[in-house]
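Protein chains in written order, with the working numbering: chain A, 1 to 262; chain B, 1001 to 1143; chain C, 2001 to 2143; chain D, 3001 to 3118.
Where hints are given, some of them may not hold.
With a Cα cut of at most 25 Å, we get these calculated DSS-like pairs of lysine-lysine [what the hints assert, rightly or not]:
(1) 2099/C with 3105/D
(2) 3105/D with 119/A
(3) 3099/D with 3078/D
(4) 207/A with 225/A
(5) 239/A with 225/A
(6) 72/A with 119/A
(7) 119/A with 76/A
(8) 1099/B with 84/A
(9) 31/A with 20/A
(10) 2099/C with 3070/D
(11) 3078/D with 3105/D
(12) 84/A with 119/A
Covered by chain B, according to a simulated footprint, are these stretches of chain C (three or more residues, beta-carbon under 8 Å) [what the hints assert, rightly or not]:
(13) 2001 to 2009
(14) 2014 to 2024
Calculated from the structure, these hints are not laboratory results.
As the structure is a prediction and not an experimental result, all values here were calculated from the model.
Don't be surprised by glycine CBs; every beta carbon is placed ideally from N, CA and C.
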Amino acid sequence: MRAKAQRAQPSESLDDASIKRLLRMSQQGNKSARDHIVHANVRLVWSVVQRFAHRGYEPDDLFQIGCIGLMKAIDKFDFSYDVKFSTYAVPMIIGEMQRFLRDDGTVKVSRSLKELSNKLRRAKEQWMGVHGTSPTVQQLAHAVGVDVADVIVALDATRATASIDETVFENDGDPILLIDQLADDDGDWFEKFALQEAMNTLNEREKLLVTLRYFHDLTQAQVAKRLGISQVQVSRLEKKILHHMRQQCAMHPDVQDGKESG
Amino acid sequence: MNTFTLSFASRSENESFARVAVSAFAAQLDPTVEEIREIQTVISEAVTNAIIHGYQDRTDGTVTIYGRIQDGSLHVSIIDFGVGMEDVALARTPLYTSKPDLERSGIGFTIMEQLCDAIEVDSAPGRGTRIELCKRIAPVMVS
Amino acid sequence: MNTFTLSFASRSENESFARVAVSAFAAQLDPTVEEIREIQTVISEAVTNAIIHGYQDRTDGTVTIYGRIQDGSLHVSIIDFGVGMEDVALARTPLYTSKPDLERSGIGFTIMEQLCDAIEVDSAPGRGTRIELCKRIAPVMVS
Amino acid sequence: MKMIDIAIEHTGDTLIVRLCGELDHHQADTVRTHMESSLSAPHVRHIVLNCAQLTFMDSSGIGVILGRYKQIIPRQGKLLICNANETVHRLMELAGLFKIATLVKDEGEAMQHVGVLQ
Ligand SMILES: Nc1ncnc2c1ncn2[C@@H]1O[C@H](COP(=O)(O)OP(=O)(O)OP(=O)(O)O)[C@@H](O)[C@H]1O
Ligand SMILES: Nc1ncnc2c1ncn2[C@@H]1O[C@H](COP(=O)(O)OP(=O)(O)OP(=O)(O)O)[C@@H](O)[C@H]1O
Ligand SMILES: [Mg+2]
Ligand SMILES: [Mg+2]
């Protein structure tokens, strides 16, 4: 079942003995007993959702994730535990939420701050264009849709993501573009989506290279070591892949590859 | 090993300050975005508890955070000299809250336990409370 | 009035931590982006001085920052228990540096003076140094 | 955690240096080392400093820049700076950096400048 995502709806509270009775029925296949327990815990799931809010997810989506945790707890509760159901269920609900957020959050802070910092810079320029004054941190946070705290941290740091060796270009020019420059202004989800699509067109080795470089923030030298090739080869391969991916993504028709002549 | 100590007035506007400060310190471990969010969440739970339970919303108390980075882990203690707790085990029970009237739901401790690798609680009635949290920041595994 | 005290090891990686922490505290005054950057700059100058001059780059010293928000102003003291200064007036002279070999250019104090509304320096040889900075955060006029 | 990124591009006798991140005391050595190694090429005369992505800088950064400028003086080199944010710009101004460096709009203008000077 899908529990109704209604915050206002007060859940009926059941004592632990009644819950245990319903749990036995549910585990024996009684659907309505299961629904009953879920409904009785809607408020609880919402209180967990509140703690994980402000991370760019719809509360309703997080609520559904929380309900999955709750249902797992209902199905897996072991009567030999001798604990209240809530003692077992609450960590399961939090854990489910945590896993969901983690799967999506393997990006290094350094990378995400850099993106935020770029967004803030643009938002600030826009603000100044309209108002003629510099925005306050609250105004800026509001404009970009993040926490004031995030603005503070991002203003201090564009914690650089690329390594030194990789971006020291010698005479042959053509700086290697970071993937996040492929889709400068587009929303994050689009960038990720398009990137994923483009990734699918790569062979295993190319995929590994991109993953190591851009998702694990390894340097070219480190990747070279792992793939057993030279750094120059990594650099060339990477350039080729990026060129290929840029065409695949076609997100930035104005990205010129013309410099490649040399 | 790197350490810091931060003390501030028990005012709710300092919750966000404490969160940012601790996560700025933890940034040295190069965490992922989600790890930083988790750190911010647990600091928020512990500091809020110190202010609303420990100091009962009085603003003249002092909350102290002691932080340490060692062996790739962040260790943080959050200390208040407030009312303390009689029964720590009861307090840690999921859904137990002494302030249901304030719409607290009693999941603060459970969140800290879930999002940290270890948690220790020391408390004495009338003396105060110390929560010690440990969170490992795993270097990204390259599979 | 709201206050905090932050102490940390005299390590250069804590410069960024200190900047972020102080500016997160100052965020309560809702400063503009420029004001935040100015605060970060002056904190950086004072903390760097404490580490490289006060503690001569030793990492076992402690830098303490005491902060206070009062009447719309941020007051910050940066304190070290390092070597101290013989002649504060000389130290504050633009372009004076005791470490030209380290590529210092002697503009730290000038920057602090320019970006703050008031600065006070207390120092004693062998005892340490305390810099007190005051920065007014003007409420933004909405036009 | 790395907080400064430096990209150096050689174009003729000019070094284009793009700084990204925070340039404070903690990061100064990194920048110094990389710029010095690029300056070891004897044909390099001019330095273009693109600060578009430089979010933070303090006097430690001024020291590094002045130090590198001293290296190109004997080569009759020029130091050009572009795209600094307000606070970084103000800091450079306070330090008197624009008495020795030329402020330009962007890398393009910088290149015209050194082209003309050549
Ligand atoms: N620092 C503290 N000093 C005194 N009592 C505390 C402190 N921290 C927690 N407690 C006690 O432990 C109980 C449980 O804390 P917990 O954080 O789990 O729930 P809560 O704060 O009541 O509600 P929630 O965190 O969900 O808003 C509190 O209700 C309070 O009685
Ligand atoms: N905390 C301190 N302890 C001891 N001496 C100090 C301290 N702060 C400053 N000084 C002295 O004052 C001098 C001037 O400081 P200032 O910050 O203006 O310049 P600098 O640090 O030498 O160079 P810059 O800040 O431009 O990198 C220093 O060279 C040092 O001799
Ligand atoms: Mg709580
Ligand atoms: Mg100085």
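Please work out if residue 3078/D and residue 3105/D have their alpha carbons no farther apart than 25 Å.
Roughly 15 Å between the alpha carbons, so the hint for residue 3078/D and residue 3105/D holds.
Would you say the region 2014 to 2024 of chain C counts as covered by chain B, given the rule of at least 3 residues with C-beta under 8 Å?
holds (count 6)
Sort out whether residue 20/A lies within 25 Å of residue 31/A, counting only the CA atoms.
15 Å, holds
25 Å limit on alpha-carbon distance, applied to hinted pair residue 239/A and residue 225/A
Judged against 25 Å, a Cα distance of about 18 Å means the pair holds.
Take a quick look at whether residue 3099/D and residue 3078/D sit within 25 Å of each other, Cα to Cα.
12 Å, holds
Assess, step by step, whether the Cα of residue 84/A is no farther than 25 Å from the Cα of residue 119/A, and give holds or violated.
47 Å, violated
Under the criterion that the straight-line Cα-Cα distance not exceed 25 Å, is the pair residue 72/A, residue 119/A satisfied?
39 Å, violated
Hinted pair residue 2099/C and residue 3105/D, Cα distance within 25 Å
The given pair, whose Cα atoms are some 34 Å apart, is violated under the 25 Å limit.
Does residue 2099/C pair with residue 3070/D here, judged by a C-alpha cut-off of 25 Å?
OK: residue 2099/C and residue 3070/D at ~17 Å, within 25 Å.
Hint check: residue 119/A vs residue 76/A, CA-CA at most 25 Å. Holds or violated?
45 Å, violated
Restraint status (C-alpha distance of residue 1099/B to residue 84/A at most 25 Å)
20 Å, holds
Assess, step by step, whether the Cα of residue 3105/D is no farther than 25 Å from the Cα of residue 119/A, and give holds or violated.
Status holds; Cα separation ~22 Å.
Taken one by one, the earlier hints fail for this structure at numbers 1, 6, 7 and 12, listed in ascending order.
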